[in-house]
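Colleague: If you want the building blocks of each chain, they are given just below.
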Amino acid sequence: MPIVTDHLTLVYGEKTNLKTIALNDVSVKIDDGQFIGLIGHTGSGKTTFLQLISGLIKPKEGTVYLDGEDIFDRNFDTRVLRSKVGIVFQYPEHQLFEETVFKDVCFGPSNLGLEKKEVELRAYEALKMVGLDDNAFYQSPFDLSGGQKRRVAIAGVLAMKPKVMILDEPTAGLDPAGRKEILGLISKLQKEQNITIILVSHSMEDVAEYVERIIVINKGKIALDGTPKEVFGHSEELKSFGLALPQVTDAMIRLKNQGINVSTDVITINEAVQELSRVLR
Amino acid sequence: MFKDVTLGQYYQGDSLIHRMDPRVKLVGTVVYMVSLFLFSNYYCYALSAIFLLVVIILTKIPIIYMLRGLKAVLFLMVFTVVCNLFFTPGEPIFKFWILKLTMEGIQSAIYLMIRLTLLIVSASIMTLTTTPNQLTDGIEKLFKPLAIIKLPVHEIAMMMSIALRFIPILMEETDKIMKAQTARGARFDSKNIIVKIKCMIPILVPLFVSAFRRASDLALAMEARCYHGGDGRTKMKPLKYAGRDIAAYIIMFGYLGIIIALGLLRVFGIY
Ligand SMILES: Nc1ncnc2c1ncn2[C@@H]1O[C@H](COP(=O)(O)OP(=O)(O)OP(=O)(O)O)[C@@H](O)[C@H]1O
Ligand SMILES: [Mg+2]
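In order, the protein sequences belong to chains L and F. Residues in the first sequence are numbered from 1 upward in steps of one, following the working numbering. Residues in the second sequence are numbered from 1 upward in steps of one, following the working numbering.
The shape of chain L in the complex, shown without the other chains:
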């Protein structure tokens, strides 16, 4: 399910005096099964990009191809799009509305026109996948804790069995344990079911740890695109975009400046431990 964007441009408030070019001529290709991290300063256009590739807003110029088909074409079946591309918004728990958790998770798959049995099976599987307790299934979603709500909302999208899963800051406002669990879940999905993941995160550590490709957006344009090691090698550029390096990379650079001969392309804590023990030996 490769996604190709072709010179995507989007302008908000075009006819007012508060015009914002949120996305400017973005062309990028996203291959099957990739785990992509999308980073950028606040207001750089990440959410806009995600909404465009999931067909929720229309571009001013350019288009998006899903599997070679133009998703903004009038003859394109939006139901196909919904079943293939799932998007989890920032604070997805704000979209819960049903009486019970289980019913809420059923909402997505039942909109795809599946049979009731299949819908319930998928809902059950999805809730199991996100690790929710059986006895929470028939509670009101509004009675759950923040982290639990978040999982229910993610399950609501998972139950639609998308091939591409887009997550806009899924860990915002969660405690460290909750963050690790959600990211672990996402990474597992990508590995076991070969789902393409596009993850927006403001945590460079999380991005460094989990993703295989980073796309950096700055002021509506793609500024950098590559493996985490490549992208974090451009420390000066990242700084000019208002982004930081993972803390360990930063630490390594400082050690190097102090005259300790460490390699600076270290981005995760594990790598840092190895590198330091190599140097200290």
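Quick caveat, the hints were computed from the structure, so don't treat them as lab data. By construction, the Cβ of each residue, glycine as well, lies at the ideal position given by its N, Cα and C atoms. Check each hint, because a few of them may be wrong.
Unchecked claim - To be clear about the criterion: a stretch of chain F counts as covered by chain L if any three or more of its residues have a C-beta under 8 angstroms from a C-beta of chain L, and this derived list gives those stretches:
#1 175-189
#2 206-213
As the list claims (entries may be wrong) - Distance windows between CB atoms, simulated:
#3 F/I156 with L/E69: 55 to 61 angstroms
#4 L/A172 with F/V82: 52 to 58 angstroms
#5 F/M103 with L/F76: 57 to 63 angstroms
#6 F/R165 with L/T16: 15 to 21 angstroms
#7 F/Y227 with L/D73: 50 to 56 angstroms
#8 F/L58 with L/Y12: 27 to 33 angstroms
#9 F/G243 with L/Q247: 55 to 61 angstroms
#10 F/K71 with L/D73: 30 to 36 angstroms
Here the structure of chain L is known, so what remains is to put chain F with the ligands in place on it, guided by the hints.
Modeller: Just chain F with the ligands now, kept in the frame of chain L:
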């Protein structure tokens, strides 16, 4: 979908009219509206239109914005004009079924159209050049004397400003929730009314939940900062009349005076 509503939308700018005290603009709008309904006289209307045009030019806002406000009430306008055309008693000049077109009808329809257009444009000018906050500040200050008869002026103004403040937030929220549910396959384009109402549930429930959440957060935040109503509360930017505001008052009442004079002269048949 709410983009067309200009009434109640602020247009960022730094013109003379933008900087004017909101009280002047409030009083001015009321005076202007009164002036429109004092006399039915083309000379008066011409003067009113010129006056409005000058104000529009002073605001430096593209005129198209003012006219957009008209679009929102187009239906109402057409409706009243048609009613006036056909249901004003008088000498019929054209008859069809129960409808009869009268000279008086045409006359009053034209008057009405001019009045409504000027009225709406003048109201849009006020909302386009005044932020909701300034507006409620102005209202609070203007109605302050009514506190003597135990009218909770401050509370009403506070409620208004909170309500106004929340409109764009709730609109944004609605947009976000709609997108989220669309992504989960919800459709809002059904023709069937029952299906349509059912489709609203996934939007309305989260919207209400979030409105209540925001309301209680806000109440908590206000209490945490020792908000206890209007007594003894001072303003960070108290409203103070500047020279231009006094001048505006003089021009405004001068305008009203001329309208009255023009109208009366006509009534007494001087011209
Ligand atoms: N509905 C909208 N109407 C007008 N302008 C908008 C709208 N949504 C976003 N913008 C503007 O478009 C730009 C990009 O916004 P976007 O939400 O895509 O940023 P983002 O990268 O997701 O930021 P964040 O990290 O804060 O979520 C911003 O300047 C924002 O002000
Ligand atoms: Mg965003």
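Colleague: Which earlier hints turn out false for this structure, listed by number in ascending order?
Modeller: none
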